[in-house]
Amino acid sequence: MKRNGRPEDPVFEVAEKLFRRYKSDHIVNGSFTGVGLSFKSAPSVNRERYSRPEDVLFSEADEFENWGVVSFQVHEIPSPLPPENPRYNLGPKHVPLEDNYAHSEIHCEGIPPLGYVEPASPIRKILRATLGQRIKIEIESRA
Amino acid sequence: MAMVAAIEAQSDYKFPYLPESNAVGEAGQSLRSDSETDLRDFLLGSVFWQRTRLLQRTYSKLQDLSMLRSNWDSYGAPSPNRNACDNALRILKSMKLADLEVLNVVPSAEGGVGFCFKKLDRYADIEALNDGTILGVRYVGMETPVLINVDGSDQSISAGLEEIRNHIGA
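Chains as they are written, first to last, in the numbering used here: chain A, 34 to 176; chain B, 178 to 347.
None of these hints come from the bench; they were simulated from the model. Computed from a prediction, not measured in an experiment: that's the story for all the values here. There's no promise every hint is true.
Unchecked claim - Below, in silico cross-link-like pairs of lysine to any residue (SDA-like), each with a Cα-Cα straight-line distance of 20 Å or less: (1) A:K73 / A:E49; (2) B:K296 / A:V44; (3) B:K238 / A:I60; (4) A:K169 / B:L297; (5) B:K273 / B:M319; (6) A:K169 / A:A48; (7) A:K56 / B:N248; (8) A:K169 / B:K273; (9) A:K73 / B:S247.
As the list claims (entries may be wrong) - Covered by chain B, per the in silico footprint, the following chain A stretches (three or more residues, Cβ under 8 Å): (10) 117 to 127; (11) 132 to 146; (12) 151 to 160.
Claimed, not checked - Far from chain B, some chain A residues (derived; all Cβ distances over 10 Å): (13) K35; (14) P113; (15) R167.
Heads up, the beta-carbon is just placed ideally off N, CA and C, and yes, glycines get one too.
Excised from the complex, chain A in its bound form (with noise of 0.2 Å):
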């Protein structure tokens, strides 16, 4: 997981998974809910290249025993949003950490380009259930 002076590699591939834990208060008759994501800030996740789904409840104080994991791949981020009327494009990150190499993040970008923008509230609101709809069970949660 170290990053030990690699690069970032900004090459995702569509299938690419993109990994995040979650507690099961999230899951809603057997699927997880949109609400238990943000995108007030860039979110983070674990990308599949470098990494394996358990590798995000890595916690040397055992932090998230009992914890799950979720999954969605990289052309499962809806982009650019909204579809008609296009004001955001969303993409994964490589932000590769010392310990976790495999660190990435979900970009809005607006359009044009400068930096990372909130999306507003409706069309975050939207991106959340979309991305919510899409999300696999890798772990399941038993906290």
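Since chain A is already given, all that's left is putting chain B on it; use the hints.
Frame of chain A; chain B shown alone:
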């Protein structure tokens, strides 16, 4: 703590008293047993009682959420604040028994309280957020989600819940 007290006040429901009787021995036992059975049957068939029972459970869950610490999701999510809990109580008061029967109350990663409803592949939620706004969404399966417009007024909350009820088929 004022927020917790407000939520506790909502759940301060008095249970009805069992009928009193001076009867003793086997007759008294039988009378009390029959009364308890009648009362239980009455309560199980009472929409009012079922709604009250489910509301109690939901208030209790809301109380738990109001005491969450920030970063509860380990990704920096804020805990629900007073605005969110006050609006969550307003939404709850507008719910009918059918809403409560399929309700899941969850913390919102954007900061706030989420009320989620799901039956088969029909999903809807309404969120009371920390900035005081209320937002809802509904969808079927993998179809494009549709926003539920709620401007914060009591009328729009009732209309939003009605839209969810129609969508879920509750």
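Hint check results:
With a C-alpha separation of about 24 Å, the suggested pair K73 (chain A) and E49 (chain A) falls outside the 20 Å cut-off, and the hint is violated. Restraint check for K296 (chain B) and V44 (chain A): not satisfied, since their Cα atoms lie roughly 39 Å apart, outside the 20 Å limit. Distance hint between K238 (chain B) and I60 (chain A) is fulfilled; the C-alpha atoms sit about 16 Å from each other, no more than 20 Å. For a cut-off of 20 Å, the pair hint linking K169 (chain A) to L297 (chain B) stands: about 17 Å separates their Cα positions.
For the hint pairing K273 (chain B) with M319 (chain B), the CA-to-CA distance comes to about 27 Å; that exceeds 20 Å, so the pair is violated. Simply put, K169 (chain A) and A48 (chain A) have alpha-carbon atoms about 13 Å apart, close enough for the 20 Å limit, and the pair holds. Our distance criterion of 20 Å between C-alpha atoms is met by K56 (chain A) and N248 (chain B), whose separation comes to about 13 Å. About 32 Å separates the Cα atoms of K169 (chain A) and K273 (chain B), which puts this hinted pair outside 20 Å; it is violated.
For the suggested pair K73 (chain A) and S247 (chain B), the alpha carbons sit about 15 Å apart, so the restraint of at most 20 Å is met. Under a criterion of three residues with beta carbons nearer than 8 Å to beta carbons of chain B, the stated coverage of the segment 117 to 127 of chain A fails, only 0 such residues being counted. With a threshold of 8 Å between beta carbons, the proposed coverage of the segment 132 to 146 of chain A by chain B is violated, since 0 of its residues qualify and at least three are required. Here the segment 151 to 160 of chain A counts 5 residues with a CB under 8 Å from a CB of chain B, which clears the bar of 3, and the coverage holds.
For K35 (chain A), the requirement that its beta carbon stay farther than 10 Å from each beta carbon of chain B is met, with the minimum near 20 Å. Distance check on P113 (chain A): its Cβ is at least 14 Å (rounded) from any Cβ of chain B, clearing the 10 Å threshold; non-interface status holds. The beta carbon of R167 (chain A) is not kept farther than 10 Å from every beta carbon of chain B, the shortest such distance being approximately 8 Å.
Against the hints set out earlier in the document, violations occur for numbers 1, 2, 5, 8, 10, 11, 15.
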